[in-house]
Structure formats: structure tokens, C-alpha cells
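Protein chains: 2
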Amino acid sequence: MGKSEAESILSGDRRALARLLTQVENGSHEGRRTLDELFPHTGKAHLIGVTGAPGTGKSTLVNQVALQYRSPAAANPKRVAIVAVDPSSPFTGGAVLGDRVRMRDLAGDPGVFIRSMASRGSLGGLAQTTAAVVQVFDAAGYDVILIETVGAGQTEVDIARLAHTTLVVESPGLGDEIQAIKAGILEIADILVINKADLPGAEKTEHALRGMLGLAHPVEKVFHHHGQAMILPESKPADTSQWVPPILRTISTDGTGVEELMTAIEQHAQHLRQSGEWGRRERARLEAELEALLTETLVRKFRTSVPDVRYDEMVDRLVQRTLSPWEAVKALLNGGA
Amino acid sequence: MGKSEAESILSGDRRALARLLTQVENGSHEGRRTLDELFPHTGKAHLIGVTGAPGTGKSTLVNQVALQYRSPAAANPKRVAIVAVDPSSPFTGGAVLGDRVRMRDLAGDPGVFIRSMASRGSLGGLAQTTAAVVQVFDAAGYDVILIETVGAGQTEVDIARLAHTTLVVESPGLGDEIQAIKAGILEIADILVINKADLPGAEKTEHALRGMLGLAHPVEKVFHHHGQAMILPESKPADTSQWVPPILRTISTDGTGVEELMTAIEQHAQHLRQSGEWGRRERARLEAELEALLTETLVRKFRTSVPDVRYDEMVDRLVQRTLSPWEAVKALLNGGA
Chain A
103 MGKSEAESIL
113 SGDRRALARL
123 LTQVENGSHE
133 GRRTLDELFP
143 HTGKAHLIGV
153 TGAPGTGKST
163 LVNQVALQYR
173 SPAAANPKRV
183 AIVAVDPSSP
193 FTGGAVLGDR
203 VRMRDLAGDP
213 GVFIRSMASR
223 GSLGGLAQTT
233 AAVVQVFDAA
243 GYDVILIETV
253 GAGQTEVDIA
263 RLAHTTLVVE
273 SPGLGDEIQA
283 IKAGILEIAD
293 ILVINKADLP
303 GAEKTEHALR
313 GMLGLAHPVE
323 KVFHHHGQAM
333 ILPESKPADT
343 SQWVPPILRT
353 ISTDGTGVEE
363 LMTAIEQHAQ
373 HLRQSGEWGR
383 RERARLEAEL
393 EALLTETLVR
403 KFRTSVPDVR
413 YDEMVDRLVQ
423 RTLSPWEAVK
433 ALLNGGA
Chain B
103 MGKSEAESIL
113 SGDRRALARL
123 LTQVENGSHE
133 GRRTLDELFP
143 HTGKAHLIGV
153 TGAPGTGKST
163 LVNQVALQYR
173 SPAAANPKRV
183 AIVAVDPSSP
193 FTGGAVLGDR
203 VRMRDLAGDP
213 GVFIRSMASR
223 GSLGGLAQTT
233 AAVVQVFDAA
243 GYDVILIETV
253 GAGQTEVDIA
263 RLAHTTLVVE
273 SPGLGDEIQA
283 IKAGILEIAD
293 ILVINKADLP
303 GAEKTEHALR
313 GMLGLAHPVE
323 KVFHHHGQAM
333 ILPESKPADT
343 SQWVPPILRT
353 ISTDGTGVEE
363 LMTAIEQHAQ
373 HLRQSGEWGR
383 RERARLEAEL
393 EALLTETLVR
403 KFRTSVPDVR
413 YDEMVDRLVQ
423 RTLSPWEAVK
433 ALLNGGA
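Heads up: the sequence lines are chains A and B, in that order.
Numbering-wise, the numbering used here comes out as the position in the first sequence, counting from 1, plus 102.
Numbering-wise, the numbering used here comes out as the position in the second sequence, counting from 1, plus 102.
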């Protein structure tokens, strides 16, 4: 008897790994069984999310970080997986292009595995599929998993929540109006990177980010005293248990600032471990995964139990306004109406 | 015996309306019952979604559109509700500010009702709560419901899907890089508005939008013939059943272009009715609402049936890697493990 798929993956078989990733993306039962077998081997990797708008040079930066982890100069080179997720419209074609550019630097290194995720057609949602793909790499012994997403919407935030450490990448020249839209994503940033820092406007971008960071992670605290707002001085004793996201400048095309970025990533990992936050993020992540799977399973089981014709009849009655949405739910659950 | 809440709302009682909106936002059972009673009276309003980045002057434009509907010069003034949804971080405070600015123009008009939706704390998701709020206004006899959202993420797209007609508002001066991120939202645009058209760069923004619109709604069609892509000429006969989103310029602060916008909105409504698309959108919307309510109900019922201690035990076992997420779901559903 040969090895099981899980055993092949644990022993470093890249073909078996690629095969499982495809199964997982397609939501196949076989893939699910292998995932179950691999699960006890997960929980070791450092998951690093990298998000930012198109044009910030994010993919090149991810390449640079991967190269640093692989550097022969590193005391302890790490195995690196890159998961590139592009939830935008298929016509932008960003994910595929990113892969090609990467090939030149990282191709042929057996310690690196790059996977692009299609934006459409994945079952159970992109965040859920990404979680499963990350689990596969974790079990397969990749020490660092770089999860790259484009944009600042809810999907990106959900995917970033998978990570232990989240990098938000900006570049100079983004208008002030646009900065505002990104306030939400700043809340998830552990490290802020201004890439393309050689372009004019890096100073202005850093200033804008500092302002927004002050709102998301206030250093001063505002107290209300007899209805008057009192702002405490910035010189209050530092709260050492709190991580203040550093703002770093990089030029990913020539590697400037990438070493400092590596140091910040390492410091953040240490902070997570020392503060107990690593375990809390891990638990929250697994709980979210359980909830998503549970929801998907409950809905699928229920929908299988209701004939399509009955479901369509309910929608007809909603359109005719002879039944309200709540009444339709009750009727479907209780078999009445 | 007095009137029921539903009867009060149907007879135009604004206090009862405000009370129900609060109940609906809080997900109360009482609100749900009143919603059920009101549901047969819905399906008449024209739902208009308005979305765009902060700083595009979207709120002022919504005010102008509302004022046009209320104009004494209009042959048939309409009752207008404005639902302002801000899914971004609470610290931007956009929704509240928007309300105050509006008060000056529209306050005191009994044919207008303005409601801001808080971003957090709403049960069952913001898109679902917005759907319920829109239903309330529809039943209460508001002919036009303007649903205003900020940004271009999944939440905004979900909310825009509620509408019959979706306006996407841009303003000059947005960088090209940012345009790319918005490609997704263009796919949902029925009408594109370049507001603040007196600012420099309006021409460039229109050009960029035309380019992106060409990708999202191609006029030319590409055919594959023996593996060769063939591009048909633009002069092919127009497909009259297809709506090509117009690009309009407005200056919402002085009302320039707002009349043309009103005409485009009216033309879109006519197009929807004549093509049968109005009914299809209505059906898709009600089906999505049914699915969301069904999912919420199934998950809530299930979670009530499982003791918290058992659920926590499952999460513990995930953290310890002694059970996989799928095994945990199976164990919870079957009472095993």
C-alpha cells in the first residue's frame, strides 16, 4: 500500500500539495478528508497578511520579504508559502500577472510555494477557502505564510483576520479623500508600510497615516470631566502591553527598508507571544472558522431537505406580498402555510 | 381599542414610524410583528441606491435629488425617505454629520423622512437591517427611497443590490490607482455621476470612467474564432434591451446638472419596467432576503440548542488540535465526539 495523500504532503511532496490545494478550492469531499487528517499538524506557522490598494507595489514587497526569509545569510532560513488572493473583478487579472512577475525571483527554490486564488467560483466564500489553503501550507511545514490581498473591503478585512501579523501597504500620491475610505483597514494594521518611498509625497502620506493612526490607536486619551473634554498629555507612561503600529518606508524594487520591515515583523511576533495575544488570535480564528463551517452546513442540510418547487413557491408568495419574509421562514421551518 | 402600530404607520403617524425604525434596528420581536403586518403594503416605492467615496459630495447630491422630488414645480411631488448608511468605523462620524447638514434644507417638510443607520450593534448584518428599514418606508407610503452608502466594499455592494436604480458618485482628482479598486462597484452602477464637476480634472475623471465602463459593460464584443480573438466594430446595431449607464456631471452645491440626473433616473425606471428587469430585481431582492433570514434563524436555533459549555469545549479541542473544524461541526450536529 502507498502513502495516503496526507502522508505524502507531510513528507514534502509538492505535487500532492498542489493536488490538495485544488481539491480544497473546489470544495471536494476528498480534500476535506485530507484536511481533517492534516489538521493535528497545523498551528506552527506564522501567518502574515499583506493588504493594500493596487499599484502600491505590494506583490514586489511580498517577494522581497520571501527572499529575506530564504536568504542564505539568514541564521535559520524559513520555508515560505505565498497565497495571493484577488477578490476583485475577474477582468483586472491581477492575481495571474503577480504570479508571472514572481517566477523570476523565486522560481526553482524548493523552500517556496506560491499559490494564486481565483476570485470566483470558490465554494463557501473566499475567506473560508483561504483559511483552508493556509491550513494546508501550515501542515505541510511552511514556517511563514504570506497572505496577500488587494483592497480594503470586508473580504480583505475578513482575510486579514486570519493572520497573526497584518501589514497594510500604502504608497505616496494617494489623495486625502481616499485615505478616509481606508480608515477601517487601519484598525487591522499591525505594521504600516509606505512603499515606493522614493516617490514625491512620501512625507505627506506618512503625515496623513500618522493622523489616522492617532484616531485608530489614540496615544492621548480624552476624558470627560463635568461635560468638558480633557486631553491628557502624550507623555503619559507607556502601556507596554499595547502594540503601537510602526510606520516604515520601503522601496521594494531595490530592497530599501526591507530589513527593517523584517525586524518589525519579528518584534510583532514576539509581542504577540509575550502578551498572550498569539493564543487569543489563534482561538478567535478557529472559532470564526467553526462558525462559518457550521452556518454553511446547517444551510446546506436544510436546503437539501426542502424541495426546490416549495422554495420557489415561497418566493412567488413574497413577490405577490401574500406572505412576509418572516412568515416564509416560519413556514419553511415548520412545514406549514 | 386604539390603532395598532401598523395602522398608525399606514395612516402617516411619524412618531409611530420613528418608533418602528428603532425597533427594527434593534431586532425586537415587536418590530418584527409590525413588519409582518406591513409587508402586504410594500412593493410600490422606487428604491434608489447612491454610493461613492467620502468627499465626493454624495450627501449634498442626495439632498438635491430629494428637493427636486419635493419641488412645488413638479407635476406630481413625491414623498421621499433618505436612509443614510455608514458602514465605516464609528470614529469617522459621517452619518451624524450628514444629518445635521441636511436639516437646513429639508427640515420641516412632512413629505421627507431622514434616517441615519448606525454602523455597529445592528443584529443580523447591516444589509439585512437596511432592507427592513426600506420596507418600513415603502409600506408607510414613501414613493422614493434614497439609500446612501459610503465606500465600495462588499457591504456597499450588498446594500446597492437592494435598489432598483444605483447611482455611483465620483469626483475629480481621484488617482488612477484608486480607480482600479473601484472597478467592482462600477459593475453595479446604473448611472454614473461626476459631482464637483467644476473642479479641475473632471474631464480626466470622465475619461477614466469611460475606459472602465467599457470593460464592465463592453460595447464591442470579442468573439473567438479558431482561437483568434475578433473584435466586432462599435457600429454594430444597438441592443435596445441593454441599459448603458450614462455618465453625468453635477455640481451639487448649486444644483447644476441635477435636473438632467432626475431625467436619467426616470429613464432608468422606465427601462426597468419595459424590459421586465424591475420584476427580476424585485424577485432577486426578496429571495436574497429570504435566504439571509433563513440562515440567521437556522444558526440561532441551533446555537440555542447547544449549551455554551459544549461549544467552548469544541473550540478548546480545535486549539489543542485534537479535533478538526469539520469533525467539530459533525460532533455538534450529531451530538457525538
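These are calculated hints, taken from the structure and not from any lab test.
A portion of the hints provided could be inaccurate.
Identical chains blur together in the list; that is why a pair holds if it fits in one copy or across any two.
[As the list claims (entries may be wrong)] List of simulated lysine-lysine pairs, DSS-like, C-alpha gap at most 27 Å: (1) Lys403 x Lys105; (2) Lys180 x Lys432; (3) Lys306 x Lys105; (4) Lys146 x Lys180; (5) Lys105 x Lys146; (6) Lys146 x Lys432; (7) Lys432 x Lys403; (8) Lys306 x Lys403; (9) Lys306 x Lys432; (10) Lys146 x Lys403.
Treat the numbers as computed from the prediction; the structure is a model and nothing was measured.
Quiz item: Which of the numbered hints above does this structure break?
Solution: Hints 1, 2, 3, 8, 9, 10 not satisfied by this model.
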